[in-house]
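Asks: Each chain is listed here by its residues.
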Amino acid sequence: MRFIIQRDRLVQSVQDVMKAVSTRTTIPILTGIKMVATNEGVTLTGSDSDISIESFIPNEEAGDEIVEIKQPGSIVLQAKFFSEIVKKLPKDIVEIEVENHLQTVIRSGKSEFHLNGLDAEEYPLLPQLSEENIFRVPTDLLKAMVRQTVFAVSTSETRPILTGVNWKVEQGELTCIATDSHRLAFRKAKVETENTDHYNVVIPGKSLNELSKILDDHEEFVEIVITANQVLFKAKHLLFYSRLLEGNYPDTSRLIPTDSKTNIILNTKEFLQAIDRASLLARDGRNNVVKFSTLENGIVEISSNTPEIGKVVDEVQSQSIEGEDLKISFSAKYMMDALKALEGTDVQISFTGAMRPFYMKPLHDESILQLILPVRTY
Amino acid sequence: MREFYPKKGRVILHVDMNSFYASVEMAYDSTLKGKPLAIAGNVEERRGIIITCSYEARKYGVKTTMPIWEAKKLCPKLILMKPNFDRYRASSLAMFEILRQYSDLVEPVSIDEGYVDITDSYHLGSPLEIAETIQKRLIEQLDLPCSIGIAPNKFLAKMASDMKKPMGITILRKRDVPNVLWPLATHEMHGVGKKTAEKLQSIGIETVGDLAKANEVQLKVLLGINGIRIKERANGVDTRLVDPDSVSDFKSIGNSTTLPKDTTNQQELFRVLDHLAETVSVRMKRKKVVATTIGITIRFKDRKTITRSKKVENPFFLKEEIFSYAKRLFLKHWNGDPIRLLGITSTDLTDHEHAVKQLDLFSYEKEAKKEPLIQTVARLKEKFGKNIIEQASEKEIQKNQAGTFTSFNRDFLQ
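Same order as they appear, the protein sequences are chains S and V.
For the first sequence, UniProt numbering assigns the number 378 to the last residue and increments by one with no breaks.
For the second sequence, UniProt numbering assigns the number 414 to the last residue and increments by one with no breaks.
Honestly, the hints are just simulated from the structure, not real lab data.
Just so you know, not all the hints are guaranteed correct.
[Unchecked claim] What the simulated footprint calls covered on chain S by chain V, stretch by stretch (three residues with Cβ under 8 Å from a Cβ of chain V suffice, anywhere in the stretch; the number is not a length): (1) 48 to 62; (2) 228 to 236.
[Stated by the list, open to error] No farther apart than 25 Å at their CA atoms in a straight line, the calculated lysine-lysine pairs in the DSS-like style are these: (3) K291/S - K370/V; (4) K311/S - K327/S; (5) K88/S - K291/S; (6) K291/S - K63/V; (7) K311/S - K77/V; (8) K370/V - K311/S; (9) K206/S - K311/V; (10) K311/V - K333/S; (11) K291/S - K369/V; (12) K369/V - K261/S; (13) K327/S - K332/V; (14) K370/V - K261/S; (15) K251/V - K327/S; (16) K311/V - K357/V; (17) K77/V - K291/S; (18) K369/V - K327/S; (19) K33/V - K8/V; (20) K261/S - K357/V; (21) K287/V - K304/V; (22) K327/S - K370/V; (23) K311/S - K287/V; (24) K288/V - K291/S; (25) K261/S - K366/V; (26) K357/V - K333/S; (27) K327/S - K327/V; (28) K333/S - K310/V; (29) K340/S - K357/V; (30) K311/S - K220/V.
[To be verified] Derived DEER-like restraints, expressed as beta-carbon distance ranges: (31) E270/S - V221/V: 42 to 48 Å; (32) N267/S - R271/V: 41 to 47 Å; (33) D104/V - N267/S: 50 to 56 Å.
From the three backbone atoms N, C-alpha and C, an ideal C-beta is built for every residue, glycine too.
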C-alpha cells in the first residue's frame, strides 16, 4: 500500500474515527485504526465493538485532488500513536507506505516515522446492514433532537436500558425519549420514510453523543438504517454504526401527566438565570435543590437554603399563573438542563401537585417536552 | 457572692460520676450496696470485659477493661451484671437536668461526666457552695455519688475532679499548678496517653513539670500540634470554652461488633449486619439525621481490616435501607475469609429537616399518596411551630433504645 494524501483531510478523518477507538478493549486490534486504500480513495475505520465509525476520503472532491493512490492495500496502525503523528507532521502533504512485514512509513517533508502495523485481515468486519428500511433526517434537526434528549439518560448501570435514548418511528414521525427516572426528555419530529414500518429501539446515550460531535451542522440529510441490534447513520463520506441496547424500554406514554392544576408561563431566560442564582449556594453535587413558590400578582419566588452556607431568595415575574397556589422543590440542575434544551423565549410549566411530575414546553409547541420529578422533604 | 469569682476569667466545674453504672445499679437495688459489683459486657463471650465496677470491687484490684475471668480470680465474690443502658440513660438525663439548674452552659462529655461554666451563676452562691449543693442533690435525689473539680478552665477542672474519689470536691487554681500537677507523671495528665507518654520519655520528659518547661520546637517535631497543646495544659492553660452544643457535632454514626467467634457463615454474618443496621438506624432517628454514604468495616481473622463505602442517590435512615446497602457492599468486598468483626457506618449526615429525596418517575405514586398528609403536617408546622407534630415512628424511638449503647457513645445526650 502506498498513497499520498492532504494532511488536514487525513487529520480530520482520523479524529472522527478516533471517537470510536477505546484504549480499554478486550480485542487488542481495536486499539488500532484500519486504513484501506482503493482506487477510489482511502477508508479509515475505528471501533470499540459498540460503536464503529468509517470515514472515507475520496481521491478527489470538487476538482481538487486529495489522495493519490500509488498502490492499493490495507494496514492497521496503533490509534494512539498514529493520531498524534499525523497531527504534528510538518508539511501539508503526507505519504504513507507499507513496506515489508507490516512496517509502515509515514513521511512528510523531512520527517519520517516507521510504525509497526497490524494485518488488516485481522480487523473485525463491520456489520452488514440491509439498506431497505431507511429514513432521513436533516443533520441539524438530528443534532438538535439528540441534544434535547440525550442529557437525560441515566449514568447509572442499575437499569442499563435507561442509559439509552428510546427512538420510535411511527407514521413518518420520529420520537426520542430519554429518562434517568428523575427527569424525562421528549422530542418528536417528522422524518422522511419510504415505507410504513415502525421501529422501537434504544440507542446508547454515549453513541448519540459521539455521533453528534462528528456531524457538522448543516441541512444535508442523514440516512438512518435500523435493524434488530444495530443502527447505522450514513452521512456524506461517513458511516456511524452503533449497537442497540437490549431489553424493553419502559412505557413512558402513561407517565406524562395529561391534566394539570397549576399552569405558569415564564420567560425562559429570566427563569433560567434565577434558578442558576438560587443554585449558587448549593453544596457540590448535593442538596442542589431549589424551592419554587407562587406568590400574589403572578410572582414566582425561587429560594434555596443550605444551613451551613446561607440562603437566597429570588423573584421572577410570570406572564401568567393559572390554577392552584403551589410550593414545590426540585433539583436546580435538572431544571437548568431542561430549560437549556427548550427552544423559544417563553416556557409553559404545568404542575399537578408538589409530589408529582411536572413538565415544561415552549408555548404553542407540542414537539418538545421536559418532565421533572420534584424532591420531597423528609 | 461576686467576690468569690474572678474579675476576669471563668469558673468551671467538672462533674464526674463515681463508677456510674455500678452506682446506678446500687441506687436501683439497695441490697447491692457495699458489695463488690461489676458491670460487664457479654458475660459468656470473649468480649466480656469489665465496663465499670464499684469501689468495693476496686479494693480487690478489679479494673475497667479487665477480662471477666481475671476479675473473678481476683475477687471470687464479685457480682457480675449485664449493663442496663436504659437505666443509665435515664439517670444521666436526670443528672444533667440538675446541672442545668446552675447554669445554661452545661457541656456533656459522656454519659457520666460534664462541664458546667458557672462564671455568671454568682447569685447562687460561691463556687464551692454550688459544687457542694450539686453533690448533695445528686446523692439525695438520685442516690448517685460524684466528684467535682473547680478550676478556671476545663483541663484543670478535669484534673481536679480526678483527685478525690469518691465524693470529692477539689479546687485547683492556676497558682497550684506547679505544686499539684508538676510532680505527676505525664501519663496521669488528661490528654496524654500511654503512647504519648512513651514518646515524651524518649526526650527525657518524665513529669508534668518537665513537660511545662520543655522545648516547644522539640515537642512539635515529636508530637505535632498536640505537643504545643499539652505543654500549654501542663502550664495550666486551656482556652477551650464550655460548649453546650459540642455534643451535637458529629460527622458519622457507626456501630461495630466483634463476633463471638470468627465466622464464614454468610447467614450469620447477614444477621449481624441486620442487627447493626437496626442500631445505626435507631441512633440516626434519635439524632434526626439522614445520611447519603454508607460504609462497612470488615476485620478478618488475621486482624487485617478493610473499610469500604459507597455514596447512594437518596438520603437514608431506615433500617431496611441501611441493611440492604451494607449487605450489597459486604458481598462485593468480602473474599470469604473468616471474619472477626463487622461494622456499619453512615456518613455525610444531614439534618432530617434539610434532607430531600429525589422522587422517581416509576415509583412516585407511593409518595404522592401521602401528599395530603404531608401537606397538612407542613401547614400545622407553619402555623404552630416545628415541634407541634411529628411522626409516630419518631416518638417510638425515644422508647426504643434497644442495644444502641456503648459506654463510649454520646447519643444518650440527644
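Asks: Work down the list of hints and note, for each, if the structure agrees.
Replies: Status of the hints after comparison with the structure:
Restraint check on the region 48 to 62 of chain S versus chain V: 0 residues with Cβ-Cβ distances below 8 Å, three needed, restraint violated. By the rule of at least three residues with a Cβ nearer than 8 Å to a Cβ of chain V, the coverage given for the region 228 to 236 of chain S is violated, with 0 such residues. A threshold of 25 Å between alpha carbons decides the hint, and for K291/S with K370/V the separation of about 19 Å falls inside it, so the pair holds. Between the alpha carbons of K311/S and K327/S the distance comes to roughly 17 Å, so the proposed pair stays at or under 25 Å and holds.
Among the hinted pairs, K88/S with K291/S is inconsistent with the structure: their alpha-carbon atoms are about 52 Å apart, more than 25 Å. A C-alpha spacing of about 57 Å is found between K291/S and K63/V, which places the hinted pair above 25 Å, so the restraint is violated. For the suggested pair K311/S and K77/V, the alpha carbons sit about 63 Å apart, so the restraint of at most 25 Å is broken. Of the supplied pair hints, the one linking K370/V and K311/S is violated, its CA atoms being roughly 28 Å apart against a limit of 25 Å.
Between the alpha carbons of K206/S and K311/V the distance comes to roughly 24 Å, so the proposed pair stays at or under 25 Å and holds. Among the hinted pairs, K311/V with K333/S is consistent with the structure: their alpha-carbon atoms are about 19 Å apart, no more than 25 Å. Taking the CA atoms of K291/S and K369/V, the gap is near 21 Å; set against the 25 Å cutoff, the hint holds. For the given pair, K369/V sits about 16 Å from K261/S by alpha-carbon distance, which is consistent with the 25 Å threshold.
For the proposed pair K327/S and K332/V, the alpha carbon gap of about 41 Å is over 25 Å, so the pair is violated. The suggested pairing of K370/V with K261/S holds, with an alpha-carbon distance near 18 Å, which does not exceed 25 Å. For the given pair, K251/V sits about 31 Å from K327/S by alpha-carbon distance, which is inconsistent with the 25 Å threshold. The suggested pairing of K311/V with K357/V holds, with an alpha-carbon distance near 14 Å, which does not exceed 25 Å.
For a cut-off of 25 Å, the pair hint linking K77/V to K291/S is broken: about 66 Å separates their Cα positions. Our distance criterion of 25 Å between C-alpha atoms is met by K369/V and K327/S, whose separation comes to about 17 Å. Our distance criterion of 25 Å between C-alpha atoms is broken by K33/V and K8/V, whose separation comes to about 44 Å. Simply put, K261/S and K357/V have alpha-carbon atoms about 23 Å apart, close enough for the 25 Å limit, and the pair holds.
For the suggested pair K287/V and K304/V, the alpha carbons sit about 32 Å apart, so the restraint of at most 25 Å is broken. A distance of roughly 16 Å separates the Cα atoms of K327/S and K370/V; the hinted pair therefore holds under the 25 Å criterion. Annotation: proposed proximity of K311/S to K287/V holds, straight-line Cα distance about 24 Å (limit 25 Å). For a cut-off of 25 Å, the pair hint linking K288/V to K291/S stands: about 22 Å separates their Cα positions.
Straight-line distance between C-alpha atoms of K261/S and K366/V comes to about 20 Å, which keeps the hinted pair within the 25 Å bound. The suggested pairing of K357/V with K333/S holds, with an alpha-carbon distance near 15 Å, which does not exceed 25 Å. With a C-alpha separation of about 37 Å, the suggested pair K327/S and K327/V falls outside the 25 Å cut-off, and the hint is violated. Of the supplied pair hints, the one linking K333/S and K310/V holds, its CA atoms being roughly 22 Å apart against a limit of 25 Å.
Of the pairs offered as hints, the one joining K340/S and K357/V holds, with about 24 Å between alpha carbons and a cut-off of 25 Å not exceeded. For the suggested pair K311/S and K220/V, the alpha carbons sit about 41 Å apart, so the restraint of at most 25 Å is broken. For E270/S and V221/V, the Cβ-Cβ distance of about 60 Å falls outside the hinted range of 42 to 48 Å, so the restraint is violated. With their beta carbons about 59 Å apart, N267/S and R271/V fall outside the hinted range of 41 to 47 Å.
Evaluation of the 50 to 56 Å hint for D104/V and N267/S yields a pass: the beta carbon distance comes to about 52 Å.
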